[in-house]
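Protein chains in written order, with my numbering: chain E, 7 to 298; chain A, 123 to 462.
These are computed hints drawn from the structure, not numbers from a lab.
Mixed in with the good hints, there may be bad ones.
Covered, in the sense of this in silico footprint (three residues per stretch, anywhere, with C-beta under 8 angstroms from a C-beta of chain E), are these stretches of chain A [as the list claims (entries may be wrong)]: (1) 255-263; (2) 383-391; (3) 435-449.
Non-contacting residues of chain A with respect to chain E, defined by C-beta distances greater than 10 angstroms in every case (computed) [what the hints assert, rightly or not]: (4) Thr-151; (5) Ser-152; (6) Leu-156; (7) Met-174; (8) Glu-217; (9) Val-218; (10) Trp-276; (11) Gln-281; (12) Gly-297; (13) Gln-298; (14) Trp-301; (15) Leu-307; (16) Ile-309; (17) Ala-312; (18) Ser-323; (19) Asp-345.
From the three backbone atoms N, C-alpha and C, an ideal C-beta is built for every residue, glycine too.
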Amino acid sequence: MELFTNQVLAGVATGAIYACMALAVVMIYQAIDHLNFAQGEMAMFSTFISWQLMQWGIPYWWAFLATLAISFAGGILIERLLFKPLAKAPVLTNVAGFIALFAIVNSVAGLIWDFTIKQYPTPFGSSPFLGSQLISTHQAGMIGVTLLMLVGLYLFFQFTRIGLAMRAAAALPESARLVGVNTSWMIALGWGMASAIGAVAGILIAPVVFLEPNMMGGVLVYGFAAAVLGGLSSPLGAVIGGFLVGVFENLAGTYIPGVGNELKLPIALALIITVLVFKPAGLFGRTIVKRV
Amino acid sequence: MSAAAEDAVTEAPAVEAVPKRAMTLGTGTSLVILAALLVTPIFVKNFVVFQMTMVMIYGIAVLALNILTGGSGQFSLGQSAFYALGAYTSAVLMEVANVNYALTLPIAGLVSFGAGYLFGKPALRLSGIYLALATFALAVAMPQLLKLHFLEAWTGGVQGLTVMKPDAPFGLPIGQDKWLYYFTLAISLAIYIGSINLLRSRSGRAFMSIRDNEIAASAMGVDVAQYKTLAFGVSAGITGIAGGLSAIVVAFVAPDSYTINLAIALFLGMVVGGVGWLPGSFVGAAFIIFVPNIAESISKGLSGAVFGVLLFLVIFLVPHGARQVAMVAQHLLGKLTKKN
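With the hints as constraints, model all of the structure from the sequences given.
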């Protein structure tokens, strides 16, 4: 039983990473109805910016805030320059655009900061949390920040004018335009927010996986799995999905014989496919009814 | 986000409709290109011949994806999995069971067809981005599955398998590379013609009706589920043949040659070549083989960025890929001949 509790706790801790990433994935999916394959690379780039700021001697939290602002602006800039002209293009073209963005960001980060692994500081410390050996204060802080972000997003979308306008623009663009919502800018805003959330995710993950241009590869796959599991239309679902994927991955690695570390990824992916087949809308997503 | 009781989703079809005649090249142009392909190996170095063979092999794989996406309107980011399956089937048959290399290809095709059909069964309930995600998952998982311990006796585990490169038969006086070039050319040609005929047949029309409007297709009596799975199977089967060919030509298979990057490359090849335009598959294949090299030669450290920028240029300037270029060229040519 103790093994079980420990594994669940460890799973929750890794799950927090996936939850952060899933939240960013869901944000952008809400705004543009596409999965951004370059999301992980954008987050990695933001993390490098914050690292650079700290190298220049700026204190952690100031660097954190500055990175959020830069990422937000960067997200909007990318949308305005590259993806707004593609808004009416077929989905395939958009996916190709994401892949191009992925290649560019990854390569530029490699050129500026090279591919050596870098240590990344944590403001929470890494001592055991409440005496538990399995979960460190950094991981606890990570879970805390993820939940805080979730609450913040909920309040933003439920109780602010812009939040309402963004929801309207995502749900029914034509009607939203008729009542005076600038839907085009709402999409840009969605990109900016997703980029900022990704930056938070990157900064939180970096102390665990270490900072390097390819740090997001595996994490993004799990982030997708989490987002799909929770439902692509629900930020709460994405976060719960993230924790579930983390716990599931750990339990499968421990209790299913022959799984071990090698097969963890295929297991996570089998989970995606199973969920997609039996409940395409995810655990918390809303089913989209099409009018014929 | 709050739930609306009913969302009216007026969705544009994921893939633009391509008129059937616009899917191929004219007979004259095709024959000229074929003649050029037959003669070229006499004049160029062996390495170039090898690269051209690889272009054709990737071309077949892109063509397979094109049948799935351009034909039936479904996505796949998991083609590398079927490519790997075909490659391993051929390699294992040749090395472990000593089967003649040419005979392994139809078996590789059948095995991949079966796998694609079975994967397509549950996957056909998904559409658009969800299908892309499920196939993406398959592609990511494939290298791990190939490394499994209990398969190591056949697959060679992480190390992979080395395959004997076949010599030209009947004592023909040409080198291995040139022989494999002509061998691949013959198979590409057969698959190309077969695919065109498939898309012109009853089944092909069923695929395209599903692509354009699923509901209308089922109202006209097209068994949507059956044909979607079939398209998936056929596409996987052809990809498997391409994979088998690659195992013979490269003479080596290893799990890490078939990562998600391969699937992404094939996908890009299709977009660059023009979705739904079959000859474009080979143009797209040339793009994914040569452009990374060009990018590397422009800037070593930034090769990824250069590749990305070139890709963005293609997307912005010629969103319909090589098809658009070909059509503009045809148009200009028509104008010129009229003047004279």
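(message) Are any of the numbered hints broken by this structure? If so, which, sorted upward?
(response) The structure conflicts with no hint, since it agrees with every one listed earlier.
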